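Since each chain sits alone in its own frame, please combine them into the complex, following the hints.
Top to bottom, those sequences are chains A and B. Note that the first sequence covers residues 1 to 219 in the numbering used here. Note that the second sequence covers residues 220 to 341 in the numbering used here.
Hints may contain errors.
[Said to hold, decoys possible] Within a straight-line C-alpha distance of at most 20 angstroms, the following computed EDC-like cross-link-like pairs (lysine to aspartate or glutamate) qualify: (1) B:K291 with A:E39; (2) A:K25 with B:E266; (3) A:K56 with B:E247; (4) A:K25 with B:E263; (5) A:K25 with B:E230; (6) A:K56 with B:E289; (7) B:K243 with B:E225; (8) B:K255 with A:E29; (9) B:K291 with A:E36; (10) A:K25 with B:E247; (11) A:K177 with B:D265.
Think of the hints as simulated: they come from the structure by calculation, not from any bench. Note that the structure is a prediction, hence the values are computed from the model and not measured.
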Amino acid sequence: MELIDRYLHSVRQYLPETQQDDIIKELSENIRSQQEDREAGLGRPLREDEVGDMLKQLGHPMVVAGRYLPNTHLIGPAVFPYYWYTVKGTLWIVLLVYIIAACTTPFVASLVAFTNRTSVPGLLQSPGVWLLFWGGFIVLLAAFGILTIAFALFDLFQTRYHLFDRWNPNRLMPVPKVPAELLGKLVSRPQAISELAIGVVVILCWLTIPQFPHALHQP
Amino acid sequence: MSELFENLRLELRRGCLVLAVLAKLRAEHYGYTLRKALADRGMEIDENTLYPLLRRLESRGLLLSQWREEDKRNKRFYRLSPEGERILGQLLAEWQNMNASLNRIIDGDPALDELQPSTRSH
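Isolated chain B, as found in the complex (with noise of 0.2 angstroms):
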């Protein structure tokens, strides 16, 4: 049962991943401290999951990079592209709708007042 929660909890997340990278990059971050930022604010991400992701986004042309030195030592930076930010706004308001509409079903539906009184706020 618990690793059928743990699928359902991967998939419902996969989406947001993108979303919360996307956001956490218009401020210019490189990967571990992206990382460290984003499990700061309660989304923590596997290492293996977020350089590919940053790779892949690029290769998109979501984010730009740019290798520069910082402490002594050459490091990848990334930050939203002018696209990036584009797709960004768009994403952000289609993840609004969709949890106002979630929130509208969820609340017209008296049974699932009765699963989770206590996390339930209406």
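Isolated chain A (complex conformation) (with noise of 0.2 angstroms):
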């Protein structure tokens, strides 16, 4: 039958090219030796809307062609929640840093201008909130992307050789002294400014040194 056929290279689009004509030859047979099951329980040939039943709920050729595959994952869930509440604290300490950069680039880059005698050009001026949107989201995506690939690189590291497997209970870090419920809020006050502080300059200097290169070479 048509609807059959049309499902079955549907699926065969999915599948790998080596293994597509041994498992939808297989998965064929099956499909019609259920149609004929039905047919023989219904004494007459199956409608076209009742094959399409049938194909419905056998699933979508995806989902079918995808059980035949094997599990893949770019990172594995021994490495997942780590990775997962690294993303997480990195993005909002970077759209943090971004948004304060982005409010004191005009005023550095007058700095620098009068500091240099130039003029200050106009995209620093005023770059636009749709500039700046579009900034921050380029700013977000990177760092979203550089934490993927690094995870994805040692999820892969430590399932080939092991690395979970060669850690020795003795080299443990030692129990801070400090009470139980602090562990793991405590970060230093002068340690959080600093950190926050070198980022907004590190960002300050990407956004505004293109602009003027020659300050770079003056002596």
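Here you go:
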């Protein structure tokens, strides 16, 4: 029946080339056996809509094909919780640093221009909301991409070389001498402020220096 | 709550399905008749689970397959390989041990008698 052929053709498209013929031949046989079984029960051939219902019950071609493929993942379950925790934390920090940098860039650009007795490029005088929005989006996307690639590589190596099996309990960090309820929450204020300040300076330099290349060459 | 139960039930069933498939393939079957035979004995199994499972078990050497004509059509028949028979024996022993351990755990906890008195035989 044409509908079954179309269904099998669609499943075939999602399968690896080397296994297509074998899987489709077997799946085709199983579907036709099921069809015959239903027809024997009804005592008549199945109508087009009944065949459609039978195929719908089998599932979307992509889902059906997917079940024949090996389970693959970019970041496995052992590493994923730590990856997700890092992504969430890092993206918030990057966003905060970007907002601060975006707010202060025109001021810093004016200061650099004044010191060098040059004019401020128009883009830095008023970057525009959309430019700032897209800039923020690209910075966040880049941070997300870099972290994902880094964790995917880590997961690949830890699976291949069994890194998690090579740990030594004797090398675990000593328990900090602070109350248990503060563990994991303790970040000193000077440390947090200094990390934020360094981040702001780096992004400011990144945004400003390309506009004033000559500033780097002055004595 | 029912979704949680469904997830736990599927997790519990996953290992049992492999055991049921291996046990049923001590006699030769092709995909569709195997599915029907399992369903007739109360072990419903989705096509998308069973057919790929058969191929995986075959690729691991637990099953043997052969294309053969039946009712004027070519069908792929599966049966347990000698290695599959050995593994099935070990798995059945393991399953019986687990079952016995679970029964001992359940029987030793009087609180469970109050939980489902109608289904408890002891």
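Taking 20 angstroms as the top limit, are the C-alpha atoms of B:K291 and A:E39 close enough? holds, 17 angstroms
Quick one, are A:K25 and B:E263 close enough, alpha carbons at most 20 angstroms? violated, 24 angstroms
Given the hinted pair A:K56 and B:E289, is their Cα-Cα distance within 20 angstroms? The hint is violated at about 27 angstroms.
Are B:K243 and B:E225 close enough, with their CA atoms no more than 20 angstroms apart? Given that 20 angstroms is the threshold and the Cα spacing comes to 25 angstroms, the pair is violated.
Is the Cα-Cα distance between A:K25 and B:E247 20 angstroms or less? holds, 19 angstroms
Does A:E29 sit within 20 angstroms of B:K255, going by the straight-line distance between their CA atoms? Within the cut-off at roughly 15 angstroms; holds.
Distance restraint between A:K25 and B:E230, which requires alpha-carbon spacing of 20 angstroms or less: Not OK: A:K25 and B:E230 at ~31 angstroms, beyond 20 angstroms, violated.
A:K56 and B:E247: Cα distance at most 20 angstroms? violated, 29 angstroms
Taken at face value, is the distance from the CA of B:D265 to the CA of A:K177 at most 20 angstroms? Measuring from Cα to Cα gives roughly 55 angstroms; hence the hint is violated.
For a C-alpha distance cap of 20 angstroms, please report whether A:K25 and B:E266 respect it. holds, 15 angstroms
Between B:K291 and A:E36, is the straight-line Cα distance small enough, at 20 angstroms or below? holds, 13 angstroms
Of the numbered hints given earlier, the model fails hints 3, 4, 5, 6, 7, 11; all others are met.
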